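S.K.: Chains as they are written, first to last, in the numbering used here: chain A, 8 to 339; chain B, 8 to 339; chain C, 6 to 380; chain D, 6 to 380.
A couple of the hints might just be wrong.
Unchecked claim - Keeping only pairs whose Cα atoms sit at most 25 Å apart, straight-line, the calculated SDA-like set for lysine to any residue is:
#: 1; chain 1: A; residue 1: K27; chain 2: A; residue 2: A9
#: 2; chain 1: D; residue 1: K207; chain 2: D; residue 2: T296
#: 3; chain 1: D; residue 1: K15; chain 2: C; residue 2: A14
#: 4; chain 1: B; residue 1: K53; chain 2: C; residue 2: S211
#: 5; chain 1: C; residue 1: K34; chain 2: C; residue 2: L291
#: 6; chain 1: A; residue 1: K307; chain 2: D; residue 2: T356
#: 7; chain 1: D; residue 1: K158; chain 2: B; residue 2: R59
#: 8; chain 1: B; residue 1: K53; chain 2: C; residue 2: A14
#: 9; chain 1: B; residue 1: K53; chain 2: D; residue 2: R157
#: 10; chain 1: B; residue 1: K202; chain 2: D; residue 2: T352
#: 11; chain 1: B; residue 1: K307; chain 2: C; residue 2: G66
#: 12; chain 1: B; residue 1: K202; chain 2: D; residue 2: E349
#: 13; chain 1: C; residue 1: K207; chain 2: B; residue 2: S230
Stated by the list, open to error - Below, a sample of chain B positions facing chain C; criterion: calculated Cβ distance under 8 Å:
#: 14; residue: M8
#: 15; residue: A9
#: 16; residue: L65
#: 17; residue: S68
#: 18; residue: P192
#: 19; residue: Y196
#: 20; residue: V222
#: 21; residue: M225
#: 22; residue: Q294
#: 23; residue: T297
#: 24; residue: T301
#: 25; residue: V302
#: 26; residue: E311
#: 27; residue: A316
#: 28; residue: A321
To be clear, the hints were calculated from the coordinates, so they are not data collected in a lab. Predicted, not measured: the structure shown is a model, and the values here were computed from it. Glycine is no exception: its CB is placed at the ideal position from the N, C-alpha and C atoms.
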Amino acid sequence: MANLTLVQAINLALIQEMEKDDSVIILGQDVGVNGGVFRVTEGLFKRFGPERVVDTPLAESGIIGTSIGLAMAGLRPVPEIQFEGFLAPAYDQLCTHAARMRTRTRSMFTVPITCRVPVGGGIHAPELHSDSPEAIYAHQPGLKVVMPASPYDAKGLLISAIRDPDPVIFFEPKRLYRAFREEVPEDEYTVEIGKARIVVEGNDVTLISWGAPVVQCMNAIDSSHHSIELIDLRSICPLDTETIVESVRKTGRAVIVHEAPRNCGLGAEIASRIMEHCFLYLEAPIQRVTGFDTVMPYYKLEQEYLPEAHRISAALEEVIAYGTATGLGSAG
Amino acid sequence: MANLTLVQAINLALIQEMEKDDSVIILGQDVGVNGGVFRVTEGLFKRFGPERVVDTPLAESGIIGTSIGLAMAGLRPVPEIQFEGFLAPAYDQLCTHAARMRTRTRSMFTVPITCRVPVGGGIHAPELHSDSPEAIYAHQPGLKVVMPASPYDAKGLLISAIRDPDPVIFFEPKRLYRAFREEVPEDEYTVEIGKARIVVEGNDVTLISWGAPVVQCMNAIDSSHHSIELIDLRSICPLDTETIVESVRKTGRAVIVHEAPRNCGLGAEIASRIMEHCFLYLEAPIQRVTGFDTVMPYYKLEQEYLPEAHRISAALEEVIAYGTATGLGSAG
Amino acid sequence: MPAKIVFHAKIESVSILDEQGNFDAKLGKDVIPDTDVVRLYEHMTICRQFDEVAFKLQRSGRMGTYPENRGQEAVSLGAVYALHPDDWLVPCYRENCGLFWRGLPMEYILLHWMGDERGNEIPRDLYMTPQAIPIGTQMLHAVGLAWAGKYRKKDSIACAFFGDGATSEGDCHEALNFAANLDLPVVFVCQNNGWAISVPTKMQCSAPTLAQRGLAYGMECVQCDGNDIFAMAKVVGEAAERARRDHRPTFIEALTYRLGDHTTADDARRYRDEAELKKWLKRDPLIRIRTYLQQRKLFDDSREKALQARAREEVAAAVKRAEEIAAPTSSDMFDWLYAEMPGELATQRATLRTSGLGQDPSQLQEQSPAPSRNP
Amino acid sequence: MPAKIVFHAKIESVSILDEQGNFDAKLGKDVIPDTDVVRLYEHMTICRQFDEVAFKLQRSGRMGTYPENRGQEAVSLGAVYALHPDDWLVPCYRENCGLFWRGLPMEYILLHWMGDERGNEIPRDLYMTPQAIPIGTQMLHAVGLAWAGKYRKKDSIACAFFGDGATSEGDCHEALNFAANLDLPVVFVCQNNGWAISVPTKMQCSAPTLAQRGLAYGMECVQCDGNDIFAMAKVVGEAAERARRDHRPTFIEALTYRLGDHTTADDARRYRDEAELKKWLKRDPLIRIRTYLQQRKLFDDSREKALQARAREEVAAAVKRAEEIAAPTSSDMFDWLYAEMPGELATQRATLRTSGLGQDPSQLQEQSPAPSRNP
Ligand SMILES: Cc1ncc(C[n+]2csc(CCOP(=O)(O)OP(=O)(O)O)c2C)c(N)n1
Ligand SMILES: Cc1ncc(C[n+]2csc(CCOP(=O)(O)OP(=O)(O)O)c2C)c(N)n1
Ligand SMILES: [Mg+2]
Ligand SMILES: [Mg+2]
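With the hints as constraints, model all of the structure from the sequences given.
M.R.: What follows is the structure, encoded as structure tokens:
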């Protein structure tokens, strides 16, 4: 066991997978000597050499497109995209090819790439360094999308992602990179893709989030006297509907929290699934505490944009109170 | 009045706006002499000349990126992207720049472009010629997204889009291009962006769709003995929540139909809004009849993938029956 | 020296067997032995027949959109002829002739255009990727495939095919740039057939040649007569050697012409000058190679007749094989998305529905309406 | 002629005032009158002061990430000097010196990096677009702006600035290709400063020059000493004339060097050789122009002293202006999304919430629980 930050946990996972399997190679901008702009690949260039840790030209479509080719030939590339805003130029290669190659060729070709991408706001970065595009990639069948919220999960999920035979977008909440440390086993282990984690058990309401806002959810729980169940999704796609449904069937209420804009965000999908599966159990409308339906502002206003604890608390209180005052508890 | 197909209605709208305003120019692949691969711009090259109807290099990011520059300088470019699958290379320019320019510059620069894109399946086209990416663009604040389902709306919406001071993605359901004719006023008129259309009034259930599946919805209604209210969204973003909510508060039940995969599709957003606004009125879980959460198959199976009338009918029947048998009508 | 020259370049154009049947013996020496020329001619003839039949299949409603390859056969054939059997072929959709030469059964191409993914289920030992529909995107895959070969210290390289239109896409540039800067063994073969649907090449590249695209990357680049199978074989052979030996990429502009419409959905008469077509009909690669053989008495009319019969037979057999394959079943849509099927998708597969899945009917029986959980 | 030469090219590199202070009188004739050289020097000095102060603002927590411009001032300044006041400037983020010369108040740049969109609310009569964060994307906007000018038969052109790294992006290629093939009046100025964060230029372009990127498009292209304001002004001036006269674009590679870290978030010592930096410190464009002035007695130490004082004052005043601007209010997030605010967004703005919006509390009073609508 070591007490690691999220950055360190990812770094450790990369080292272990690279030692184990020489088909794993890293490519991207500044991943080599510089160790990545967030230092996630620190030390890897020295350890594994320039053939396995490769600085590429500044071209995201190129990074993903060549990774697809590398993967089609049997390697397991782990491309890094520097910020989620710069995943956009690779959208085409990801959705048009990576996601479809197995289907298109009936498994004759597969694309086992793990595309690492720092994600989200809260670090006072410039424009396009603070977005949360996970719903975009979840909407594309054929991709898997994960986002850990803790060092432990980061290591286990990354190892799963690298070993996964299909393309995985591995979003790293940059606000949590060094936010806290956690005991992380030194040996390799996996966290299953597609399984959510119940962070806190509770009975009054189910709180669902992923990535950096999980910490905000914890803060909201800490300041509440209600019994709140917190689910950290970890996997965006596939989504662990079962864990969510089971919880909401218990609590009858749900609040979903994410940084992306509300409109067509992942919250909508989760709310819809809950509604479909828990219709008869719902005691209040499911609430979404999310980024606003406007462009992520420059950093002076980012805190106002993000779903911080006070906004989560307000929604929790409201959802819990819903119906009780007027005796409509069983009306929903 | 003229009896026009959807293609002809769009063509007419383009002609009228170009005659009225010389800041409107058309650019794209094959839009010139060839009149577009679907012949939407037929005759325009001859009528307006090579300076206003411009064949460009084969590069979608380039088409949208230069359109952004043209618009920033005060023109109103109407770029055509040949198929929705090839909108993907322009995703970055659309979401990173077109959508954000006004916000980023506090209206000092604006991007009044109308990006025309054929969309959807059903015409036995090759791979990547049959997708429905509307939710992707709706998730990006700053874009507007529309999709007409009739010649009348096509003309009116296109004129609105061209005059709109902000970027609009104008999706054209290719399956409807020549599917039927409709009386279309010869004079110019607008259909307001952001307003849905109630196609058929009814009381038992609200059926919500847009684009080509609207026709499938009509077929389902024709074969049903229930009183079904059909809403054609027309605008994907902004979404006409009011019309939807009003209808569902009346019917208590809703079915949403779209071609895109279900996961994180627009149906999820609509269902969530209904649930938020109509919670106490809902008598059955809202249902989504959509494309499956798999890659749009090659055309031999496309009919099985698309939400055709029989699948819509099944959902309608089920939703209407829900709760009635067991007397749980008011439980939802 | 205030305004000094810091870079010099020139582009060569290679032709061996020209339109008039003149053969450059020096350049053409040992490029293709006579017996192979016969085989290549026969193969091209069969491909031409394939093209005609495919066109008719579309016209008679037995197949979807089809892009004729007619007139461009020598490009991919000459290239594939010059490559090793385990060099990656990364085609667009006008390389049937080269793909068939490598060993792809013809029914694969038919199945693809018949809207069936099984047309892309290409045996891995053929070392070819499926046809690429989104223009300009596949060259990056070639770069990755070549990179993997280099990483594994294999002798194999990758050869990407694409049109003149494709060179306008950003991905094309990124592919060339990656290959050049990372020293990767890729042969880029641009089929400049004069058109991208209705848009002439000069709107993709107003420079004197497309070959000079490669200069931007410090890459070897060369133009050649794409209707001249000798020139193709020679130029690609040299490029392949450079790739294998030095891990350096090459950009080849093959001058050719699309004798047909863009696809069966197109009507080139709307935008193309008949005179241009006529000029190029005379440059048909098939005529040229036939002339070569005739001049050298390597082929005659009776062999031609037999060949035509064989072509008809082989293509008909391929059509039969393609049409006899049972239609895909709806479950096929779901079965190839991931290695393991997620639960929700399995439900969709089992029910063929996206609605109603959450309405566990047992809820209605077992549950009393929404119990209140509040204190 | 079987292997004939079909294209020839060469790239020139232009230098007028070199590192040693040698001035090429012939090439440099009439490029910049002496009085202007003094003004340009003064301006550069103020910009250098701005850069230092901005760096410190970041270090002391008063500003976010900042990319130093130090060492690259002559590139944008020489370019903007050579352009007309209504020629579009389309910068990246190392063109402060040129933007300030055009008239952008310094506080705009500060506000931008202070995380405030008002830093981009640039008066339209300055004809400049906001700084571009996504690398390589803005050149396409320059192409569109130039196109609009041509369409409107205006005399104005567009000048795009970008780094060596940016030339690897597909969008860069598409921009160059559009400009070349559509005959658009654009001047592309590539600031080759040796690095893209930690990645050296040779990984963006392994060709001998970056200038030759332009050869791919049949575009005029030239290299020049970017730390030589005379060379910059001359080369850009000629390119601008070509654009105005012939509507032809030009690709200019300006050789310069990033004397600082990539941004304040970077530490170049991790990847950069100290010796390289030392070499370039001697080529500082500010030193060079100062030497020129001194040789010609156009400037002296007392003026220098006064200038330094003025620089401190002006920059301090700009900082004051930037910091005095009241913080944005949360409604600012919503107010600039569309010309007209959609209803749902207005609700979000009014409530600053995304939850609870649909829970019309009146429902609870007015409605009896979900009435059954079924017969
Ligand atoms: C990214 C993308 N944009 C547009 C299209 C539509 N399209 C199909 S083929 C074609 C022209 C391709 O021209 P070229 O690359 O010269 O190849 P050719 O057809 O001439 O062989 C176009 C525009 C596409 N398939 N992909
Ligand atoms: C599309 C994109 N990818 C990555 C980044 C992250 N990034 C910011 S600056 C930079 C390097 C840019 O290098 P260059 O173009 O040479 O400009 P310079 O900083 O040297 O002036 C990178 C990779 C970005 N901003 N945009
Ligand atoms: Mg072509
Ligand atoms: Mg640089």
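S.K.: Each hint should be assessed against the structure and marked as holding or not.
M.R.: Tested hints:
1. A:K27 x A:A9: holds, 20 Å
2. D:K207 x D:T296: Distance of about 31 Å is beyond 25 Å: violated.
3. D:K15 x C:A14: Given pair D:K15, C:A14 holds - Cα atoms ~6 Å apart, limit 25 Å.
4. B:K53 x C:S211: holds, 23 Å
5. C:K34 x C:L291: Satisfied, since the Cα-Cα distance of roughly 21 Å is no more than 25 Å.
6. A:K307 x D:T356: holds, 20 Å
7. D:K158 x B:R59: holds, 13 Å
8. B:K53 x C:A14: Not satisfied, since the Cα-Cα distance of roughly 41 Å exceeds 25 Å.
9. B:K53 x D:R157: holds, 20 Å
10. B:K202 x D:T352: holds, 18 Å
11. B:K307 x C:G66: The hint holds at about 13 Å.
12. B:K202 x D:E349: Holds. B:K202 to D:E349 sits at ~13 Å (cutoff 25 Å).
13. C:K207 x B:S230: violated, 54 Å
14. M8: This interface hint is violated because 30 Å lies over the 8 Å limit.
15. A9: violated, 24 Å
16. L65: holds, 4 Å
17. S68: Result: holds, 6 Å to nearest chain C Cβ.
18. P192: At about 30 Å, which exceeds the 8 Å cut-off, the nearest Cβ of chain C leaves the hint on B:P192 violated.
19. Y196: violated, 31 Å
20. V222: B:V222 check fails; min Cβ-Cβ to chain C is 19 Å, beyond 8 Å.
21. M225: violated, 18 Å
22. Q294: holds, 4 Å
23. T297: holds, 5 Å
24. T301: This interface hint holds because 5 Å falls under the 8 Å limit.
25. V302: holds, 7 Å
26. E311: Since the shortest Cβ distance to chain C is 4 Å, the answer is holds.
27. A316: violated, 13 Å
28. A321: Holds: closest Cβ of chain C sits about 7 Å from B:A321, inside 8 Å.
When the structure is compared with the earlier hints, violations turn up for hints 2, 8, 13, 14, 15, 18, 19, 20, 21, 27 and for no others.
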